[in-house]
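Enquirer: Chains A and B supply the protein sequences, listed in that same order. For the first sequence, the numbering used here assigns the number 1 to the initial residue and increments by one for each residue that follows. For the second sequence, the numbering used here assigns the number 1 to the initial residue and increments by one for each residue that follows.
Please note that a few of the clues may not be correct.
The calculated lysine-lysine pairs, modelled on DSSO-like cross-linking and capped at a C-alpha distance of 27 Å, are [as the list claims (entries may be wrong)]:
| no. | chain 1 | residue 1 | chain 2 | residue 2 |
| --- | --- | --- | --- | --- |
| 1 | B | Lys112 | A | Lys480 |
| 2 | B | Lys174 | B | Lys186 |
| 3 | B | Lys81 | B | Lys8 |
| 4 | A | Lys555 | A | Lys458 |
| 5 | B | Lys83 | A | Lys476 |
| 6 | A | Lys476 | B | Lys112 |
| 7 | B | Lys174 | A | Lys480 |
| 8 | A | Lys476 | B | Lys117 |
| 9 | B | Lys117 | A | Lys480 |
| 10 | A | Lys476 | B | Lys81 |
| 11 | A | Lys480 | B | Lys83 |
Just so you know, the hints here were simulated from the structure itself, not pulled from any lab data.
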Amino acid sequence: MRLEVNKKNENISSIKRGLYWRLFRVVNPWTIFAFLCAILIATPLITILYYLVEGPSDTWHHLAETVLGEYIFNSIFLVIGVSFFTFIIGVSTAWLVSTSSFYGRKFFEWALILPLAVPTYIVAIAYAGIFDYTGPIQQFTQWLGFNLGAGFFEIVNIQGVMVIMSFVLYPYVFVLARAWFVNQSSTLLETGRMLGSNPTRTFFTLALPVARPAIVAGLSLVIMEVLNDYGAVKYFGVNTLTTGIFRSWFSLGDIAAAIYMCAVLMAVVFLILGLEKWQRGKARYDENRSGSKPLQRYNPSRGKKVLITLWCSLPIIVGFLLPVLQLINWWWVSDTRIVDPSFARLVSNSFLLAATTSILGVSVALFLIYSIKLYPFWLMRILGKFSTLGYSIPGAVIAVGIMIPLLYFDHWITNYLENYWEMGLGFVLSGTLMGLVFAYIVRFLAVAYYPVEASFRKTSDYFLGASRVLGVPPAKTLRKIYIPLIKTGILSGALLLFVDVLKELPLTLIMRPFNFNTLATRAFELASDEMVTEAAAPALVIILTGIVPIILLSKLVSRKN
Amino acid sequence: MEPILKIKNITKRFSNDLGEALKDINLDVLKGEMLALIGESGSGKTTLLRLIAGLESPTRGTIELNGRMVVGDNIFIPPEKRKIGMVFQEYALFPHMTVEQNINYGLHSMDKPSARKRLFEVLEWVNMAELANRYSHELSGGQQQRAALARALAPNPSMILLDEPFSHLDGVLKDQMREELRSILKNSGTTALFVTHDTMDALSVSDRIALLQEGRLQQIGTPRDLYDKPTNLYTAGFLGKINRIHGYSTDEGILTDFGTFPLNEKIAEGKEVLITIRPEHIQLGSTASSPLKGVLFHSSYQGDHLLVHLRPSVSKSPHRIILKLPASHPVNLGDVVGFKIDVHFANIFPDD
Numbered sequence: 001m002r003l004e005v006n007k008k009n010e011n012i013s014s015i016k017r018g019l020y021w022r023l024f025r026v027v028n029p030w031t032i033f034a035f036l037c038a039i040l041i042a043t044p045l046i047t048i049l050y051y052l053v054e055g056p057s058d059t060w061h062h063l064a065e066t067v068l069g070e071y072i073f074n075s076i077f078l079v080i081g082v083s084f085f086t087f088i089i090g091v092s093t094a095w096l097v098s099t100s101s102f103y104g105r106k107f108f109e110w111a112l113i114l115p116l117a118v119p120t121y122i123v124a125i126a127y128a129g130i131f132d133y134t135g136p137i138q139q140f141t142q143w144l145g146f147n148l149g150a151g152f153f154e155i156v157n158i159q160g161v162m163v164i165m166s167f168v169l170y171p172y173v174f175v176l177a178r179a180w181f182v183n184q185s186s187t188l189l190e191t192g193r194m195l196g197s198n199p200t201r202t203f204f205t206l207a208l209p210v211a212r213p214a215i216v217a218g219l220s221l222v223i224m225e226v227l228n229d230y231g232a233v234k235y236f237g238v239n240t241l242t243t244g245i246f247r248s249w250f251s252l253g254d255i256a257a258a259i260y261m262c263a264v265l266m267a268v269v270f271l272i273l274g275l276e277k278w279q280r281g282k283a284r285y286d287e288n289r290s291g292s293k294p295l296q297r298y299n300p301s302r303g304k305k306v307l308i309t310l311w312c313s314l315p316i317i318v319g320f321l322l323p324v325l326q327l328i329n330w331w332w333v334s335d336t337r338i339v340d341p342s343f344a345r346l347v348s349n350s351f352l353l354a355a356t357t358s359i360l361g362v363s364v365a366l367f368l369i370y371s372i373k374l375y376p377f378w379l380m381r382i383l384g385k386f387s388t389l390g391y392s393i394p395g396a397v398i399a400v401g402i403m404i405p406l407l408y409f410d411h412w413i414t415n416y417l418e419n420y421w422e423m424g425l426g427f428v429l430s431g432t433l434m435g436l437v438f439a440y441i442v443r444f445l446a447v448a449y450y451p452v453e454a455s456f457r458k459t460s461d462y463f464l465g466a467s468r469v470l471g472v473p474p475a476k477t478l479r480k481i482y483i484p485l486i487k488t489g490i491l492s493g494a495l496l497l498f499v500d501v502l503k504e505l506p507l508t509l510i511m512r513p514f515n516f517n518t519l520a521t522r523a524f525e526l527a528s529d530e531m532v533t534e535a536a537a538p539a540l541v542i543i544l545t546g547i548v549p550i551i552l553l554s555k556l557v558s559r560k561n
Numbered sequence: 001m002e003p004i005l006k007i008k009n010i011t012k013r014f015s016n017d018l019g020e021a022l023k024d025i026n027l028d029v030l031k032g033e034m035l036a037l038i039g040e041s042g043s044g045k046t047t048l049l050r051l052i053a054g055l056e057s058p059t060r061g062t063i064e065l066n067g068r069m070v071v072g073d074n075i076f077i078p079p080e081k082r083k084i085g086m087v088f089q090e091y092a093l094f095p096h097m098t099v100e101q102n103i104n105y106g107l108h109s110m111d112k113p114s115a116r117k118r119l120f121e122v123l124e125w126v127n128m129a130e131l132a133n134r135y136s137h138e139l140s141g142g143q144q145q146r147a148a149l150a151r152a153l154a155p156n157p158s159m160i161l162l163d164e165p166f167s168h169l170d171g172v173l174k175d176q177m178r179e180e181l182r183s184i185l186k187n188s189g190t191t192a193l194f195v196t197h198d199t200m201d202a203l204s205v206s207d208r209i210a211l212l213q214e215g216r217l218q219q220i221g222t223p224r225d226l227y228d229k230p231t232n233l234y235t236a237g238f239l240g241k242i243n244r245i246h247g248y249s250t251d252e253g254i255l256t257d258f259g260t261f262p263l264n265e266k267i268a269e270g271k272e273v274l275i276t277i278r279p280e281h282i283q284l285g286s287t288a289s290s291p292l293k294g295v296l297f298h299s300s301y302q303g304d305h306l307l308v309h310l311r312p313s314v315s316k317s318p319h320r321i322i323l324k325l326p327a328s329h330p331v332n333l334g335d336v337v338g339f340k341i342d343v344h345f346a347n348i349f350p351d352d
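Modelling step: build the complete structure from the supplied sequences, incorporating the hints.
Expert: Below, the structure is given as structure tokens:
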């Protein structure tokens, strides 16, 4: 038994040695990997910043004086309008589904997410057909004996795009608001009831203020999708910042102008992200850990129940059912009803591409999250946040931001090989599938990252230590302990990533190899070339694939409850 | 006996803004002993445990295990190479593995037959042979703890660390596990260091106790040493209830309102001092024969004894004296009683 007298032995050399030692603990394969991920993902932003400093071109001045105002106005007009409608549809249905009993409530819980399976541009194409002079609505009215004229149901304009986008994108608001309501509503409802408040008053005075952070988070996802969209606005002839990027890149062939257009779009994105962060303040999205009590739902009168059921059916019918029926109809009358080899190749191309991206993306996410878990100091946590930033950058911006350095690299390597080795080589990275997969991962890493991270968070903090103390190094611990425990998270991350890649349009259009088509680009091209019935088959494949995760994930959620 | 673990001048700072979580800790753990690390939450005891395991790295200082430096300048042996067993607070049994698989997990470097032999040996120690094929969610709290203990013991570590081993158990089970843990560790001859915030755990299970306060080691010694001869006021108060009596040291002894206490060699004359005395070292007596008197004003029933509060008539300095009585002792609040202080059990500290 001894209690030594403490002595201060802080001499300079021990501090210095300590620093080297700390450096060694910080720089290791895991942290280097995380750092490389963040650097690669930052490529598009770095490119844009670099070229911004270079200064604008004459084309840009011309664009800025003529069309830029219209582009910005249209983009912001769409953002505001779609936010308004998705707010109304998403929040109302989320509240009704989580707190009220009505006919088919359980069905609506997951069916209201269905429109998420359909890309906006496909719905836009379908509705252009539905309201066309030769479409079903006009035919029906003519059959009834009215001749309303070609322009009566004019939806191919900015208002039309706005409504269509709203009915496709409201599930983002619905899902996040509903999660919040389900977590919070039993306490809120009980408190509200005990204080004698009716459902409407409880909704406006308690639920809405409390759920605000979740609703705004949902709305910001909606806004990102609106700004990302190229297909729907292009098809409807609406000029936005995103179509502006395409115009500068393809039609004008002006890299600097495309970059400046990207920069304006990113300014809008960062403004919105900033607003979201500012309003969120200190509110957090942590899951409610206490076991949620079975909720005593409001039981409205029969008449009200019918009204609620109708209200909840509307978004599913408009956002999913009608466009899908129209596509099935087109598919039925089209020539490619029977699967031919070229269609099979198209499907296998798309699926292979999506599967490759999905496996690579999930692996990157998994290693990234695990290295943050192993070395959880501040820089690593920032790298993790940074790596998921791609989801808020529009696909067209990522494509431009990656294509430029890839082209530059190809140019350099071709020159090098020709000059020194007299070798001719085509594209190495730009316009190759490798470049495309890389761009997909930059854009969609967050999609795989969050499910994996969430399932990591559900495991005990002690497992890593417990395994290491038993003599098992980190890499083997990941394989033996964590991967078996978080496989649901890995699978759902992979599935969501797969579907997102399959649906992706703007980035693919810019970065795909010459003459290479995915289901998405093919459907869009055919529809743009007035071969809309032929576009139905690839569109339907995309939709069917998109439904799979919705059903699987809703099953998973209900099993957990 | 030879120390198996030597901790020298360990300091840990988590960030520059916060103070030291641990400051200049020096501690030896002897072979075969059970050492309890106690302290309030936030005193740094779990941090010290994690430093020993290698799950954290210290800002300064060295740790030697079995004569081998595991932490020092330019040296950091990762946890998987330290050969230390650890039982985590929530046991951290891998949920996708059975008890047997959990134990085998740590036996990966042994050949098959000896691993098999070792598995049965540790299962026998913790009396879990019949439950070897169960998953952790199929086990009770006590069984989970025994499984975690078996898993930690299986690779034959130099010592094992236990983080709050009893905090998830309640009442009867806790008492039973204290006994079991001690006998398992003693029978297997394992050196153990365990962290607890519960003084009863520490007093009843350990061979020695180290008390931490705000990252500093206050005292280390046998349970009896710490309880009866605390070296400072904090230790005295941490291990149990105390009565504090103010006094003044003179050459005849320490003068207090409750009489004169024998001098202590550590205390200089002419100083304000504080005397601590535990409730069980104060006896009630008849009013006539006792020099000290007081009024009973509060009593609380503790099951096996009564804790009685008494307002002494002689003094204004402590407003009350707490003493322990047998549960069956009749107590009438408001009665004047006599009492006697057992001066040999008094501890004297400078009053700052």
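Enquirer: For each hint, tell me whether it holds in the structure or not.
Expert: Do the hints match the structure? See the list:
Under the criterion of a C-alpha separation no larger than 27 Å, the hint pairing lysine 112 of chain B with lysine 480 of chain A is consistent with the structure, at around 19 Å. Proposed proximity of lysine 174 of chain B and lysine 186 of chain B is supported: the alpha carbons are some 18 Å apart, at most 27 Å. Taking the CA atoms of lysine 81 of chain B and lysine 8 of chain B, the gap is about 20 Å. The hint holds against a cut of 27 Å. A C-alpha spacing of about 19 Å is found between lysine 555 of chain A and lysine 458 of chain A, which places the hinted pair at or below 27 Å, so the restraint holds.
Pair hint lysine 83 of chain B plus lysine 476 of chain A holds up; C-alpha atoms about 17 Å apart against a cutoff of 27 Å. Restraint check for lysine 476 of chain A and lysine 112 of chain B: the C-alpha separation of about 19 Å stays at or below 27 Å, so the hint holds. Distance hint between lysine 174 of chain B and lysine 480 of chain A is unfulfilled; the C-alpha atoms sit about 33 Å from each other, more than 27 Å. Simply put, lysine 476 of chain A and lysine 117 of chain B have alpha-carbon atoms about 24 Å apart, close enough for the 27 Å limit, and the pair holds.
For a cut-off of 27 Å, the pair hint linking lysine 117 of chain B to lysine 480 of chain A stands: about 23 Å separates their Cα positions. In summary, the hint linking lysine 476 of chain A to lysine 81 of chain B is supported, as the alpha carbons are separated by about 14 Å, within the 27 Å threshold. With a C-alpha separation of about 20 Å, the suggested pairing of lysine 480 of chain A with lysine 83 of chain B holds against the 27 Å cut-off.
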